[in-house]
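> If you read the sequences in order, they're chains H and Z. All letters in the first sequence, in the order written, are residues 0 to 159 by numbering that gives the first Met the number 0. All letters in the second sequence, in the order written, are residues 0 to 145 by numbering that gives the first Met the number 0.
No lab work stands behind these hints, which were simulated from the structure alone. Heads up, a few of these hints could be off.
Said to hold, decoys possible - Non-contacting residues of chain H with respect to chain Z, defined by C-beta distances greater than 12 Å in every case (computed):
#1 R47
#2 L56
#3 A74
#4 E116
#5 D121
#6 D125
#7 R129
#8 E132
#9 E133
#10 L134
Stated by the list, open to error - Computed from the model, here is a short list of chain Z residues facing chain H with C-beta under 10 Å:
#11 T64
#12 V81
#13 A86
Values in this document were obtained by computation on a predicted structure and should not be read as measured data. Backbone N, C-alpha and C define an ideal beta-carbon position, used for all residues, glycine too.
In case you want the letters, here they are:
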Amino acid sequence: MSALFPPPPRLGHLLRAVARHDVPVRLGVPAGDTERRVWEIAFGLMVRRRFTPESPLAEIGRSVATAVNYHAAAALPALDAEMLVREALGEKVPVDDIDETVRAGVHLLLSASLADELAMTDGELDGLVRQAEELAVAVSAPPPEVEPETGEEEKEEEVS
Amino acid sequence: MGQNGTLVRAATAAGRHVLEALGEEHPARSLSRLSDSPSAVRLLRELFTVAVRRSFVGRDPRDVTGYVRDLLQYQSLPTDGVLAREAEAVIRSAVGEPDLAYRIPDLRRFELLCYVVGDLVRPPGIPEAQLLDLVDQAERRAERAR
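With the sequences and hints as input, model every part of the structure.
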């Protein structure tokens, strides 16, 4: 891999490719936990940009059906996709044991489809991916270490 | 909810079997044992359709999610996984979203249907007259579909 020409962010690249209907031969799945987290956060940002928690289910269903039909080759289960959208909107829905490949497919293809619905520009898409990356870092960063209080400072103040 | 007094009022043998199963201690399990009777299975499918449409048509589909959670909790089944999604898909497929359930195998679909129909008599249960109306309507639909 060239250090002079670092590759663009994988998710941003994939999202733009799918949104431009220039679908890569291999979509791939997130390589590790961090990348998976970025995809998930980006999906959540996209979903909340397109819908609100009060959006009618029929409206969500239409967007899901559009994405699922357009990317029929990916064979995404429509109800799983709808549940992941509703989860991203904060609803308590049954999403346990949804396969990682399905999650990754929904996160990518639905995000691309929603970007298309929202007529987002490449710049806006890049901005959203950057925001997701920053949020992923913020979430995974360990909390700052706090010096344990010894109580000596207070004693010194009392003495003086 | 005792169904014994209502048995004679079902028009068909399948109807009587279904009402009998609904009067058992574990209605869903008893209904599932009717799987070897094609006429009972047909009737159960229609009864499920009628019951679900009367309950959920015109309501927010999110109500189905809440109902499924309550149903599975009552049956001490997992509420957050694939079973809940399948149950929601089967119910919503009967109220206008048929595509949702096409991947669900027939046997699982039948089991879920038995849980939902059996839930009609979960205490306190629907009034007996209403149950008989549902079975009567289901019998007519099953007859028309033959």
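> Evaluate each hint against the coordinates.
Evaluated hints:
1. For R47 of chain H, the non-interface assignment is confirmed: its Cβ lies about 17 Å from the closest Cβ of chain Z, beyond the 12 Å cut-off.
2. With 12 Å as the threshold on Cβ separation, the claim that L56 of chain H sits away from chain Z is violated: the shortest Cβ distance comes to roughly 4 Å.
3. A beta-carbon of chain Z is positioned within 12 Å of the beta-carbon of A74 of chain H; the least distance is around 9 Å.
4. The non-interface label for E116 of chain H is consistent with chain Z: the shortest C-beta to C-beta separation is roughly 20 Å, beyond 12 Å.
5. The non-interface label for D121 of chain H is consistent with chain Z: the shortest C-beta to C-beta separation is roughly 33 Å, beyond 12 Å.
6. Distance to chain Z confirms D125 of chain H as a non-interface residue, since its nearest Cβ pair spans about 34 Å, more than 12 Å.
7. Remark: the non-interface label on R129 of chain H is consistent with the geometry, its nearest Cβ contact in chain Z lying 33 Å away (cut-off 12 Å).
8. The beta carbon of E132 of chain H sits about 29 Å from the closest Cβ of chain Z, which is more than 12 Å, so the claim that it is off the interface holds.
9. Every CB of chain Z lies more than 12 Å from the CB of E133 of chain H, the least distance being 30 Å, so the non-interface label holds.
10. At roughly 25 Å from the closest C-beta of chain Z, the C-beta of L134 of chain H stays outside 12 Å, upholding its exclusion from the interface.
11. Interface restraint check: T64 of chain Z against chain H, minimum CB-CB distance 6 Å, threshold 10 Å, status holds.
12. Hint on V81 of chain Z holds. Least Cβ distance to chain H is approximately 6 Å, under the 10 Å limit.
13. Residue-level restraint check for A86 of chain Z holds (minimum Cβ-Cβ distance to chain H is 9 Å; threshold 10 Å).
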